[in-house]
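A.B. asks: Order-wise, the sequence lines are chains A and B.
Quick note on numbering that gives the first Met the number 0: the first sequence kicks off at 0 and runs consecutively.
Quick note on numbering that gives the first Met the number 0: the second sequence kicks off at 0 and runs consecutively.
Treat the hints as calculated values from the structure; they're not laboratory data.
Even for Gly, the Cβ is constructed at its ideal location relative to N, Cα and C.
Possibly wrong hints are sitting among the right ones.
Examples of chain B residues toward chain A, derived with CB under 7 angstroms [unchecked claim]:
{"id": "1", "residue": "PRO70"}
{"id": "2", "residue": "ALA90"}
{"id": "3", "residue": "LEU100"}
{"id": "4", "residue": "SER105"}
{"id": "5", "residue": "LEU107"}
{"id": "6", "residue": "ILE112"}
{"id": "7", "residue": "SER115"}
{"id": "8", "residue": "LEU116"}
{"id": "9", "residue": "PRO270"}
{"id": "10", "residue": "TYR278"}
Covered stretches of chain A, going by a simulated chain B footprint (3 or more residues, C-beta under 8 angstroms) [stated by the list, open to error]:
{"id": "11", "segment": "111–123"}
{"id": "12", "segment": "237–251"}
{"id": "13", "segment": "275–288"}
Just a few of them, taken from the derived set where beta-carbon distance is under 7 angstroms, the chain A residues facing chain B [stated by the list, open to error]:
{"id": "14", "residue": "PRO107"}
{"id": "15", "residue": "VAL255"}
{"id": "16", "residue": "ALA300"}
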Amino acid sequence: MGSLMERLRRMPLVWQIGLLALALLLPLPLNDYYRAVLWRTGIYAILGLSLNIIVGYAGLFQLGHAAFYALGAYTSALLNLHFDIPLVLTWPISILVAAFFGYLISRPILHLRGDYLCIVTIAFGEVVRLALVNNIFGITGGANGLSGIDQTVLFGLTLRTPLHHYYLVLFFLVLTLFAVRRLENSRLGRAWMYVREDETAAEAMGIDTTWAKLLAFVLGSGWAGLAGALYVARIPVVSPDLARFIESVVMFCIVVLGGTGSIPGVFVGTLGMITLPEIFRFLKTWRDAWMGVAMVAMMIARPEGLWPSRRIRMEIREKE
Amino acid sequence: MQQLLQQLINGITIGSFYALVALGYTMVYGVLKLINFAHGGLFMWGAYIGLTGLSVLLALLAQGGPGMIFPIAVIVIVTIAMVGVLIERIAYRPLRSAGRLAPVISALGMAFILESLARNIYGASWKTYPPGLVPAGRVALVGDVRISIMQVLVLTVSFLLMALLYLFVYRTRIGTAMRAVSLDHEVSRLMGIDVDGIIATVFLIGPGLGGLAGMIVALYYGSFDFTLGWIFGLKAFISAILGGIGNIPGAMLGGMMLGIIETLGAGYVSPQWKDVIAYMILILILIFRPTGLLGERVAEKL
Numbered sequence: 000m001g002s003l004m005e006r007l008r009r010m011p012l013v014w015q016i017g018l019l020a021l022a023l024l025l026p027l028p029l030n031d032y033y034r035a036v037l038w039r040t041g042i043y044a045i046l047g048l049s050l051n052i053i054v055g056y057a058g059l060f061q062l063g064h065a066a067f068y069a070l071g072a073y074t075s076a077l078l079n080l081h082f083d084i085p086l087v088l089t090w091p092i093s094i095l096v097a098a099f100f101g102y103l104i105s106r107p108i109l110h111l112r113g114d115y116l117c118i119v120t121i122a123f124g125e126v127v128r129l130a131l132v133n134n135i136f137g138i139t140g141g142a143n144g145l146s147g148i149d150q151t152v153l154f155g156l157t158l159r160t161p162l163h164h165y166y167l168v169l170f171f172l173v174l175t176l177f178a179v180r181r182l183e184n185s186r187l188g189r190a191w192m193y194v195r196e197d198e199t200a201a202e203a204m205g206i207d208t209t210w211a212k213l214l215a216f217v218l219g220s221g222w223a224g225l226a227g228a229l230y231v232a233r234i235p236v237v238s239p240d241l242a243r244f245i246e247s248v249v250m251f252c253i254v255v256l257g258g259t260g261s262i263p264g265v266f267v268g269t270l271g272m273i274t275l276p277e278i279f280r281f282l283k284t285w286r287d288a289w290m291g292v293a294m295v296a297m298m299i300a301r302p303e304g305l306w307p308s309r310r311i312r313m314e315i316r317e318k319e
Numbered sequence: 000m001q002q003l004l005q006q007l008i009n010g011i012t013i014g015s016f017y018a019l020v021a022l023g024y025t026m027v028y029g030v031l032k033l034i035n036f037a038h039g040g041l042f043m044w045g046a047y048i049g050l051t052g053l054s055v056l057l058a059l060l061a062q063g064g065p066g067m068i069f070p071i072a073v074i075v076i077v078t079i080a081m082v083g084v085l086i087e088r089i090a091y092r093p094l095r096s097a098g099r100l101a102p103v104i105s106a107l108g109m110a111f112i113l114e115s116l117a118r119n120i121y122g123a124s125w126k127t128y129p130p131g132l133v134p135a136g137r138v139a140l141v142g143d144v145r146i147s148i149m150q151v152l153v154l155t156v157s158f159l160l161m162a163l164l165y166l167f168v169y170r171t172r173i174g175t176a177m178r179a180v181s182l183d184h185e186v187s188r189l190m191g192i193d194v195d196g197i198i199a200t201v202f203l204i205g206p207g208l209g210g211l212a213g214m215i216v217a218l219y220y221g222s223f224d225f226t227l228g229w230i231f232g233l234k235a236f237i238s239a240i241l242g243g244i245g246n247i248p249g250a251m252l253g254g255m256m257l258g259i260i261e262t263l264g265a266g267y268v269s270p271q272w273k274d275v276i277a278y279m280i281l282i283l284i285l286i287f288r289p290t291g292l293l294g295e296r297v298a299e300k301l
């Protein structure tokens with residue numbers, strides 16, 4: 000197993016193409032229900048990768064990520080409903096709006112210590128959700144949300160089936176993967192990890208830590224906005240439930256469960272938090288309890304996550 | 000003026016609930032530097048166990064009265080305190096040296112378990128406490144400002160418990176040891192303090208108070224469902240942060256403040272926006288006083 004992994008690691012193109020082929024072929028033998036599950040998995044993988052920038056790379060506690068997901072979804076829905084803008088054209092605006100709010104909320108609070116930052120993000124998430132519930136400016140439709148959003152038309156093709164939407168999400172997932180891989184090894188990525196490990200030392204080395212953290216927040220939030228827009232592309236109804244605290248918790252778990260700061264870890268986390276619970280639907284109301292048991296057991300067995308980045312694993316081992 | 004006083008009384012009552020729950024968060028945070036997300040679940044279980052206890056006792060005695068609240072409250076405190084210690088033993092102790100994130104996930108997992116158990120055992124519907132346990136009368140304080148007997152009871156119990164806890168933490172040997180552990184585990188161990196024992200004590204007291212608060216809240220409002228833990232837990236946690244997390248008088252102050260702000264917001268601005276007002280004030284306070292109202296000004300550990 001070990002030597003096989005090692006050999007595969009040396010041939011990145013082989014397994015990358017292999018995985019892509021698998022992702023392309025996987026939904027074909029499945030029915031529409033499981034294709035929709037795969038679609039959901041893709042959406043949450045994008046959300047996980049975006050949150051991973053904030054929590055994993057920059058080491059900032061963000062427990063309000065769902066707010067940006069909801070902001071992206073509502074932006075897309077509102078632009079489509081009020082201005083008849085085709086959904087495809089709303090996507091970049093969704094990203095910008097979510098990123099703008101990411102800037103707005105993070106700018107004054109970046110100097111806060113870990114747990115205080117965490118509570119401000121929770122509070123912000125709740126403010127967004129309650130503002131949506133209370134029908135702010137009379138445009139968000141209150142607790143019922145908005146409905147009657149158009150179908151997505153892409154280059155003249157109307158996306159109707161779960162399969163179409165799966166491929167759309169897959170395209171953006173691959174794009175996201177490419178982007179975060181590049182980010183991880185960039186000057187900025189290394190700056191984030193330095194800030195995460197030791198902020199004071201990073202500052203001494205000439206890294207503008209505030210700027211680095213701000214960029215992590217803005218990029219992560221904006222990308223969550225894209226995930227929200229992709230949600231609207233398939234589900235023509237948005238409601239404040241998108242911004243529930245529990246959604247943020249699930250996203251947070253996706254990042255940490257698989258291994259903070261690790262890209263494969265995000266996929267393992269998504270599998271554990273989204274795909275498997277969907278398959279175990281027959282457990283009905285007991286599902287959450289089992290999920291909780293699995294979360295506790297997994298952390299005790301592997302506190303560094305299931306597929307951690309090598310750097311984080313070394314850190315945790317070192318401490319012991 | 001009269002309306003303001005009335006609102007203040009209601010606000011302080013709700014604030015004392017937040018304070019009781021916030022104490023559990025703040026004590027655990029003090030010794031473990033962990034946000035114990037399972038605390039809201041324990042609080043909710045206090046409400047459920049109180050419900051079962053009261054129903055059983057009512058069925059046995061055939062006639063209810065305020066006197067039966069006391070023995071049930073003791074049962075609630077003992078049960079929830081034991082569950083709290085158990086959770087620490089199973090889910091947190093193995094993760095002491097595993098960094099900051101792993102225990103948070105473990106705590107969230109425990110919160111899921113507690114909520115799901117309550118939902119499956121008691122059902123998803125709203126539960127109602129037996130009515131008439133506390134006399135419904137109101138007492139006039141000043142002019143037309145009234146305080147209900149329930150409120151008098153709730154406030155007496157909360158303030159008594161908070162005073163006792165304060166004396167315990169600041170005037171006894173165990174309390175001193177507790178404060179030492181929250182400063183530094185290693186050095187406390189060198190000074191001969193049984194660190195594991197102290198942490199277990201914290202998990203006895205915090206959840207015990209939280210469980211009792213659950214029962215009191217359910218008595219006060221009359222009905223609740225399994226989502227009580229998340230909603231109330233979040234508010235109580237915010238109270239703990241407001242006062243400066245890890246700081247026991249801070250948790251009391253933060254709870255009171257949140258309760259009063261919320262009630263005044265509901266009364267003078269709009270009931271729909273009361274939570275938004277509370278959260279906005281929280282964000283503002285943290286921007287200008289990043290360690291809470293009574294928090295010490297310490298730099299993040301290097």
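A.B. asks: All hints, please: hold or fail.
C.D. replies: Consistency of the hints with the structure:
1. PRO70: 30 angstroms, violated
2. ALA90: Holds, about 5 angstroms.
3. LEU100: Since the shortest Cβ distance to chain A is 5 angstroms, the answer is holds.
4. SER105: It holds, given that the least Cβ distance between SER105(B) and chain A is near 4 angstroms, below 7 angstroms.
5. LEU107: 6 angstroms, holds
6. ILE112: With a minimum Cβ separation of about 4 angstroms from chain A (threshold 7 angstroms), the hint on ILE112(B) holds.
7. SER115: 4 angstroms, holds
8. LEU116: OK, holds: LEU116(B) within 7 angstroms of chain A, min 6 angstroms.
9. PRO270: 10 angstroms, violated
10. TYR278: 4 angstroms, holds
11. 111–123: Our answer is that it holds, as 11 residues pass the Cβ test (under 8 angstroms) against chain B, meeting three.
12. 237–251: This one holds; 4 residues, not fewer than the three required, reach chain B with a Cβ under 8 angstroms.
13. 275–288: holds (count 5)
14. PRO107: 5 angstroms, holds
15. VAL255: Hint holds; VAL255(A) Cβ to chain B Cβ min 5 angstroms, cut 7 angstroms.
16. ALA300: At about 9 angstroms, which exceeds the 7 angstroms cut-off, the nearest Cβ of chain B leaves the hint on ALA300(A) violated.
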